[in-house]
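Q: Sequence:
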Amino acid sequence: MIKRIIVIMSVCTLLAGCSNIGLKEASEEAATVEEQVDAESVEASTGSAEEIMTESAETVSSETEDSGQADAGSLEAFISGEGKLSFDYYGRNVFKSNEEYISNEDEILKDIIDSGKDYTLTEFRDKLNEIFNSEDNYLYEGEVNSISYAYIDCGNDGVKELALEMVGPFADPTESTMTFIIKELDGKPELVYAFSQWSRSETSINKYGFITGSGSNSASNHGYDEAYINADGKYMYGFYEEEEYDINAFGMLRDHDDFDAEGLDNMLAVYTLRLDQYDAANPQNEYYSYNVYDSNIYEEVDVPNLYTDSKYKDIMDSFKDISFISMDEMKKMEKEKMESIGVTDEIRNAEVPEYTEVKI
-4 MIKRIIVIMS VCTLLAGCSN IGLKEASEEA ATVEEQVDAE SVEASTGSAE
46 EIMTESAETV SSETEDSGQA DAGSLEAFIS GEGKLSFDYY GRNVFKSNEE
96 YISNEDEILK DIIDSGKDYT LTEFRDKLNE IFNSEDNYLY EGEVNSISYA
146 YIDCGNDGVK ELALEMVGPF ADPTESTMTF IIKELDGKPE LVYAFSQWSR
196 SETSINKYGF ITGSGSNSAS NHGYDEAYIN ADGKYMYGFY EEEEYDINAF
246 GMLRDHDDFD AEGLDNMLAV YTLRLDQYDA ANPQNEYYSY NVYDSNIYEE
296 VDVPNLYTDS KYKDIMDSFK DISFISMDEM KKMEKEKMES IGVTDEIRNA
346 EVPEYTEVKI
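Heads up, the sequence shown is in the working numbering, so the first residue is -4 and it goes up one at a time.
The hints are simulated quantities; they were obtained by calculation from the structure and are not laboratory data. Every residue, glycine too, gets a C-beta built ideally from N, C-alpha and C. You may find that some hints are simply not true.
Said to hold, decoys possible - Pairs of lysine-lysine, BS3-like flavour, derived with a Cα cap of 27 Å:
hint: 1; residue 1: K306; residue 2: K327
hint: 2; residue 1: K105; residue 2: K308
hint: 3; residue 1: K354; residue 2: K79
hint: 4; residue 1: K91; residue 2: K183
hint: 5; residue 1: K327; residue 2: K354
Said to hold, decoys possible - Ranges between beta-carbon positions, derived for each pair:
hint: 6; residue 1: K91; residue 2: I336; range: 18 to 26 Å
hint: 7; residue 1: E125; residue 2: D250; range: 43 to 51 Å
hint: 8; residue 1: N128; residue 2: V298; range: 53 to 61 Å
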């Protein structure tokens, strides 16, 4: 998953659009789901002459009955085509309208948020299609090709949330997707987070709300990030790690003495870690490390005294105002950050949910 937010923290900003997750603050206390759906009555209603519920709703009801979790209430109504989705929470707590660079998700959703309206699933799809084909659309024309959903349990508290995945021209003209995380707040479905992925990135959320993303910024530069949506529906930024396999590219925007990496036997990769979202007005600390890989098979090479007395350290010492830590130290910092926002081993290792297609 990776958000298309420009991260001015390395040369990747000169080469391609970065794709790390952007920090999204949320302050509203989440209410627990109160309504319960009687699976037998849903089944009976689908067979009635009025046909209040669609075939998709039958599937939703069956999943709820078998899950053992708190029922989804208004979330089911939204999937069935009866309920409406609110964007109030997202607009107040997540949407960033005054940023120097607006995220892909916010760019697509801004008209919906500005409208102040709630939308049924069909209305939401139709509005997105209208946005894609409007004169003001800065991306690609097209339509939503498919819609799928899965129930998840952010924070593993027994209360369901909904992950709604749409395929369409969200980030490229072919098979890009956008996933909308929806939680019942004050008795109605509220959008609490959204992320997109496309051919150069991949993002997923597991059934307990743990989010991982990775993507390519250029031929030699790749990013990886982690985040979490807790039981209150609040997005918690984890970290962004960037890997640069070209030491000369790493040095393009940094002050350093002359160095010669051409004669190295192996590939020297540099890592940059950010534990907070980039903010030009309030720069956060960045942490740096490096590692060595076989140039042919890209496997890690064990270099004695890599960080204390090696020819690779001599090159890294040429960079001014940068202190490098070991990879073990960097990984420890990442682990501690994720634990601080509530990500346990159980939450991290939960399975990715299976999505069911919705026919509308």
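Q: Where does the structure disagree with the numbered hints, that is, which hint numbers, in rising order?
A: Violated: hints 2, 5.
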